[in-house]
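**Q** Assemble the whole structure, with the sequences as input and the hints as a guide.
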Amino acid sequence: MKRLAFALLAVVSLFAMPAIAQEGHPLKGSWLGTWAGNKIHGNDVLLVMTWDGKNITGTINPGTDNLVIRNASLNPEGWLVHLEADAKDKAGQPLTYTIDGKIENLPLASRIVAGTWKDSRGNTGTFRIGRQ
Amino acid sequence: MTLRVLRAFGFVAALVIPSALLVAHHEPLAKFDDKKPIRIRGVVSLVDWRNPHAHIFVNVASADKVNNWAVELESPIDLEANGWSRTTLQPGDKVAVQGIAARDNSRQVWATTVVTSAGREIFTVNTAPPPLPLQPHPAPTWPDGQPRLGSVAGGVQGYWAFPSATALVEAGVNAPMDEWGLLRNIADAPKVAPMQPWALKLYKERQERFLKDDPMYLNCKPPGGPRQFQMSYGLQFVEDRVRQRIFVLIGSGNNNYRIIYTDGRSHQGQVGGDDDNPLFYGRAVGKWDNGTLVMDTRGFNEDFWFTNGGLPHTDQLTLIEKLSRPNFDTLKYDLTVDDPGAYTRPWSASWTLRWVAGKEMPRHLCQENRS
Chain A
1 MKRLAFALLA VVSLFAMPAI AQEGHPLKGS WLGTWAGNKI HGNDVLLVMT WDGKNITGTI
61 NPGTDNLVIR NASLNPEGWL VHLEADAKDK AGQPLTYTID GKIENLPLAS RIVAGTWKDS
121 RGNTGTFRIG RQ
Chain B
1001 MTLRVLRAFG FVAALVIPSA LLVAHHEPLA KFDDKKPIRI RGVVSLVDWR NPHAHIFVNV
1061 ASADKVNNWA VELESPIDLE ANGWSRTTLQ PGDKVAVQGI AARDNSRQVW ATTVVTSAGR
1121 EIFTVNTAPP PLPLQPHPAP TWPDGQPRLG SVAGGVQGYW AFPSATALVE AGVNAPMDEW
1181 GLLRNIADAP KVAPMQPWAL KLYKERQERF LKDDPMYLNC KPPGGPRQFQ MSYGLQFVED
1241 RVRQRIFVLI GSGNNNYRII YTDGRSHQGQ VGGDDDNPLF YGRAVGKWDN GTLVMDTRGF
1301 NEDFWFTNGG LPHTDQLTLI EKLSRPNFDT LKYDLTVDDP GAYTRPWSAS WTLRWVAGKE
1361 MPRHLCQENR S
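Chains as they are written, first to last, in our numbering: chain A, 1 to 132; chain B, 1001 to 1371.
Where hints are given, some of them may not hold.
Claimed, not checked - With a cut-off of at most 27 Å between alpha-carbon atoms, the simulated BS3-like pairs for lysine-lysine come out as follows:
| hint | chain 1 | residue 1 | chain 2 | residue 2 |
| --- | --- | --- | --- | --- |
| 1 | B | K1204 | A | K54 |
| 2 | A | K102 | B | K1212 |
| 3 | B | K1204 | A | K102 |
| 4 | B | K1065 | B | K1036 |
Simulated from the structure, these hints should not be mistaken for lab results.
**A** Shown next, in the form of structure tokens:
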């Protein structure tokens, strides 16, 4: 059910948010992609991030999982991205996600963040999202 | 190519390059490498006379084959203003071209000189502003004494152009750039404006890519923010006093316009039905203060570069713009940039524009040559 809901959300998001230029803070916007091998929250992932001038904030899988992003950072030297988010598994037990990646194709509106995800239980995999 | 031929076709590139680069519609160095001089000779096969840049196509013969080269010129607007036309050259004419080669080594040349087989140099462009009168003329005023920003009905028509600065730099900073905001020395980048670290890095990367990612250049995005006062094809004001608004008609981009409301309305809910979406030109409200129009503009989107040169901005951008007309021929533009999303503090800049009397503002459509 969750997978279906995510798929619907992703489809709606694609139509609702056309791929427009985004020349401001490089992380701001909606991002769609995968955190490969994530058996708890599914292979597909959607992030919405914003920038208030001091902090990067946002949500992972808004509308379904609603994982609040915390401790987010962007190091301009290398355009290195670090994100964390607290979550719960299907049994309601807490876990924490840590995502580290790098922005690719920075000049493009359709830029990519590629790297790895891991959770507090030792699960890990590749992470790749593209700005919509 | 022999020395005699070179002499016949003119060795004036060094003199012409600076002025040619000054008037280009977009940064030529985004596409061409000024460290790769090139000369070609051949026969014109086609003249493509369209904005943003005219092209001539030239068949260049070598020992065993003929290659067709694209020679990029200034815009038809600039060329026609200097007396050239689409019929200056015809297919079959022989030409020699000096210029700089494409960075990607494709068969393209940014022309600095084009010389016919008769030795006539063509497609030259003079970028000098009109001369100022010896004694400044007073600015025209409305009956209530406020200066008029636009033309006077029944009087000499014209528009504003020739900005004294064409890229945004904090007042008092010395950071030499070319006409399109490309720094002569990238080490000057931190001086240009008080950027946050991410904005500085992004600015430097845009500079290091010769501004080739400029969305105005790539996608014909409007020149919002102060950039509309930096464009080579100028702008006009239409002061609608009955409806209490001022239209700014922009001669570049895609002939867009901006509205400055002077009727006391607020930024929020300014235009019915637009849901306060962020805009390329933001939402401007203005009021007159002793002969100066003071504008507060906010509500910008992040889909464009707000200045030549690629300084970043965010949707937190607020501009305080002041327009005055100290004399008939001069428009003064003062700006304070406040964008806590991209800068560490508010900062200011100012420049002037010149009145171009007796001429219509050029109608330049960015998308004309992109279909």
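**Q** Determine for every hint whether it applies to the structure shown.
**A** Results for each hint:
1. B:K1204 to A:K54: holds (21 Å)
2. A:K102 to B:K1212: Given that 27 Å is the threshold and the Cα spacing comes to 22 Å, the pair holds.
3. B:K1204 to A:K102: With a Cα-Cα distance of about 18 Å, the restraint between K1204 (chain B) and K102 (chain A) holds, given a limit of 27 Å.
4. B:K1065 to B:K1036: Measuring from Cα to Cα gives roughly 23 Å; hence the hint holds.
Checked against the numbered hints above, the structure violates none of them.
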